Amino acid sequence: MNPNAPRTIQLFVTCLIETLRPEAGMAVVRVLESLGIRVEFPRAQTCCGQPAFNAGAWDDARAMGRHTLDVLAQSDAPIVVPSGSCGDMLVHHYPELFAADPKYGPLAEQIAARTYEFSQFLVEVLGVKNLKARCAGRLAYHPSCHLSRGMGISAPPRELLSNLQDGELVEIPGANECCGFGGLFAIKMGEISSAMLARKLDAIESAKVETVVGCDVSCLLHLSGGLHRRGSKIETKHLAEILDSYVPTNI
Amino acid sequence: MSQQTSNVTFHERVEDALRDQILHVALERTTERFQRLRVTGMGSLPNADAVRDRVRLIRAHTLSRLDAYLEQFAANVERAGGHVHFAADANALNRIVADIARTHDVKSVVKGKSMISEEAELNHALEAQGVRVVETDLGEYIIQLAGERPSHILAPAIHKTKEQVGQLFHEKLGVPVYTEPAEMTAAARAILRFEFLNADMGVSGVNFGVAATGTICLVENEGNGRLTTTAPRVHVALMGLERIVPTLDDLSVMLQVLARSATGQKSAVYTNLITGPRRNGEGDGPDELHIILLDNGRSRVLGTEFAEILYCIRCGACLNACPVYREIGGHAYGSVYPGPVGAVLTPALGGIAPWSDLPQASSLCGMCREACPARIDIPRMLLLERDAATRAGQMPWWLRFGLHAYSVAATRPALFGLAAWGARVGTRILGASNQGWIRALPPPLNAWTQSRDFPAFANESFRAQWEKYQGENQEQKRK
Ligand code: SF4
Numbered sequence: 514m515n516p517n518a519p520r521t522i523q524l525f526v527t528c529l530i531e532t533l534r535p536e537a538g539m540a541v542v543r544v545l546e547s548l549g550i551r552v553e554f555p556r557a558q559t560c561c562g563q564p565a566f567n568a569g570a571w572d573d574a575r576a577m578g579r580h581t582l583d584v585l586a587q588s589d590a591p592i593v594v595p596s597g598s599c600g601d602m603l604v605h606h607y608p609e610l611f612a613a614d615p616k617y618g619p620l621a622e623q624i625a626a627r628t629y630e631f632s633q634f635l636v637e638v639l640g641v642k643n644l645k646a647r648c649a650g651r652l653a654y655h656p657s658c659h660l661s662r663g664m665g666i667s668a669p670p671r672e673l674l675s676n677l678q679d680g681e682l683v684e685i686p687g688a689n690e691c692c693g694f695g696g697l698f699a700i701k702m703g704e705i706s707s708a709m710l711a712r713k714l715d716a717i718e719s720a721k722v723e724t725v726v727g728c729d730v731s732c733l734l735h736l737s738g739g740l741h742r743r744g745s746k747i748e749t750k751h752l753a754e755i756l757d758s759y760v761p762t763n764i
Numbered sequence: 011m012s013q014q015t016s017n018v019t020f021h022e023r024v025e026d027a028l029r030d031q032i033l034h035v036a037l038e039r040t041t042e043r044f045q046r047l048r049v050t051g052m053g054s055l056p057n058a059d060a061v062r063d064r065v066r067l068i069r070a071h072t073l074s075r076l077d078a079y080l081e082q083f084a085a086n087v088e089r090a091g092g093h094v095h096f097a098a099d100a101n102a103l104n105r106i107v108a109d110i111a112r113t114h115d116v117k118s119v120v121k122g123k124s125m126i127s128e129e130a131e132l133n134h135a136l137e138a139q140g141v142r143v144v145e146t147d148l149g150e151y152i153i154q155l156a157g158e159r160p161s162h163i164l165a166p167a168i169h170k171t172k173e174q175v176g177q178l179f180h181e182k183l184g185v186p187v188y189t190e191p192a193e194m195t196a197a198a199r200a201i202l203r204f205e206f207l208n209a210d211m212g213v214s215g216v217n218f219g220v221a222a223t224g225t226i227c228l229v230e231n232e233g234n235g236r237l238t239t240t241a242p243r244v245h246v247a248l249m250g251l252e253r254i255v256p257t258l259d260d261l262s263v264m265l266q267v268l269a270r271s272a273t274g275q276k277s278a279v280y281t282n283l284i285t286g287p288r289r290n291g292e293g294d295g296p297d298e299l300h301i302i303l304l305d306n307g308r309s310r311v312l313g314t315e316f317a318e319i320l321y322c323i324r325c326g327a328c329l330n331a332c333p334v335y336r337e338i339g340g341h342a343y344g345s346v347y348p349g350p351v352g353a354v355l356t357p358a359l360g361g362i363a364p365w366s367d368l369p370q371a372s373s374l375c376g377m378c379r380e381a382c383p384a385r386i387d388i389p390r391m392l393l394l395e396r397d398a399a400t401r402a403g404q405m406p407w408w409l410r411f412g413l414h415a416y417s418v419a420a421t422r423p424a425l426f427g428l429a430a431w432g433a434r435v436g437t438r439i440l441g442a443s444n445q446g447w448i449r450a451l452p453p454p455l456n457a458w459t460q461s462r463d464f465p466a467f468a469n470e471s472f473r474a475q476w477e478k479y480q481g482e483n484q485e486q487k488r489k
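Note that the protein sequences, when read in sequence, are chains A and P. This note's numbering puts the first residue of the first sequence at 514, with every later residue one more than the last. This note's numbering puts the first residue of the second sequence at 11, with every later residue one more than the last.
The hints are simulated quantities; they were obtained by calculation from the structure and are not laboratory data. All values reported here derive from a predicted model rather than from experimental measurement. The beta-carbon is built from N, C-alpha and C at its ideal position, and this holds for glycine as well. Do not rely on the hints blindly, as some may be mistaken.
Covered stretches of chain A (chain P as the covering partner; in silico rule of three or more C-beta atoms under 8 Å from a C-beta of chain P) [unchecked claim]: (1) 530 to 538; (2) 560 to 569; (3) 642 to 655; (4) 725 to 733.
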């Protein structure tokens, strides 16, 4: 583990983990603490505003952005976000949204510079690639769009998964294609989104996996909603939930 | 640019497209193959990343002083004996071409592939004047026979299966029902040969105009472009005024990525470089060469935050890579330019109001940006257009209201917690009968439950679990 790595982080847990998949957030906390990292949870955090930003309601997105920046600016600790799309929002879109704002523009740049997605933080900042975690059965990684193409993070999650103690990591055909979620796109363009989802679910089912692992709860909820509708037994898990399966006592 | 089917909504076109099984087969056969070919094609280019950076740089530089380059281009075309016309909009372009046709007493025109011609609906304009127009690109020829519009900027008939084309040829040309593309090509070729020999004027597109030499470059695979531009006595070349490169060296950089991104070929079968009309002593070529530069909103886009879309070299890679295009094809967009590039370019040129649906039809997955040889950030501009659509009052009221209410709550943590609590109670009631999964949500959220269940909110929020966990930790420490 990188000896110069920060020892304290702030967790920006995201509104979806807060409300829909809290167990993924707790897994993040446990994995980081097992590595000796102190986790702060700024209590006033809500939503980064990405849904409004994506939908084109930029004034609303800015309001949420200002709130989030204020909350995160209260500590100097780096920020860990267990989501590629919220990470992309903080790292890339805040600086753009606030480019003309004399107060929040510089703040957005500062926050962006110390924000990391969860797998990125583990591999690139902490230098941890093997958590000796376990996961039986066949699993596949779903590279979410905003993580892989938005933040440009492809290798870290795969690296962490390739070091599992057991389990068989397989590829979903056309893995890098979008699952069709796209935030409010799934509502506004429900038919197109459904067609994209059907294609992705066919691909997942053809890979005969038991678990689909991802770094974005949003896409995982979309996939699991589709799988459940199909009566499939395939589970979706956040990367942290897989890594949390075996916590080493000392590193 | 005009809307093709103004009385049908975008959603209706999308639904039709999604229901169309034949379209689905056609798109399935082609987009995925193009996509694969592009990846291998670009893979065969040493330093592909550096070349793409260079492409982007050249495009950005050229557009930053487009006026000067256009002047230089026009001067050099005229020095070589050609004529340059400037068309402010589609009507102006049609008028100029019609005038040239009239002056030369043109009865029939052969055409190479040109998106500018589609943008201006030139065929209609010429036909209205009694001129016979024959498309000579095989895909365009198929579309013309079928009385349709291109559905892809590069492969205009991509929405048709070969079975459909065999049937179409049988009906329109009186040939047997062919099953093999080679037979269909041969049939078209036999007819088109005759058209080339009899045409008075050839109309072609232009891939690039070279400012330093006044050369136009036309890239194609069928040889029809070469015939169109050399056989008839007049050649009219149509180009968007942004399609300039400064020098032949710059052109060679573009050519390194164009065919590779389009079809995976290292270079197209024919790369025609045309400088002026036929000179004394030359064997073939037209007596006159007219190059028409179309503006049609482009100069207005320069200098705006959408200028980047003018870097486009029309390779079609973003269409083939796009998961939305793959599901709905090109016609559903209703615009001349479909797919990711069209979703940005169309509102940029024609205004957001009639086209506000186009930028919404994207999950912002970023495949287009990854595929684009000029690294055009299409998702970023789709977002800008969504913002523009909202400011133009084009966001549905329920969404505007919902997002605003959400932002009001999200900037007040206590209220946000309360709203989340309400949603938890609501979703748990709705999901109670189905292990916490909701099968049907009320409109407009039923768009979600048409194909997927929605999860009930967790019993205990992260916050609650975190607090409990902190409490337990403290307890342990105390012990
Ligand atoms: S936007 Fe890029 S990928 Fe799409 S057609 Fe233009 S150059 Fe090709």
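Evaluated hints:
With 8 residues carrying a beta carbon less than 8 Å from a beta carbon of chain P, the region 530 to 538 of chain A meets the three-residue requirement, and the given coverage holds. Check result for the region 560 to 569 of chain A against chain P: holds, 8 residues qualifying (beta carbon to beta carbon below 8 Å, three or more required). For the region 642 to 655 of chain A, the stated coverage by chain P is violated: 0 residues have a C-beta nearer than 8 Å to a C-beta of that chain, whereas at least 3 were required. Counting residues of the region 725 to 733 of chain A whose CB falls under 8 Å from any CB of chain P gives 0; the rule of at least 3 is not met.
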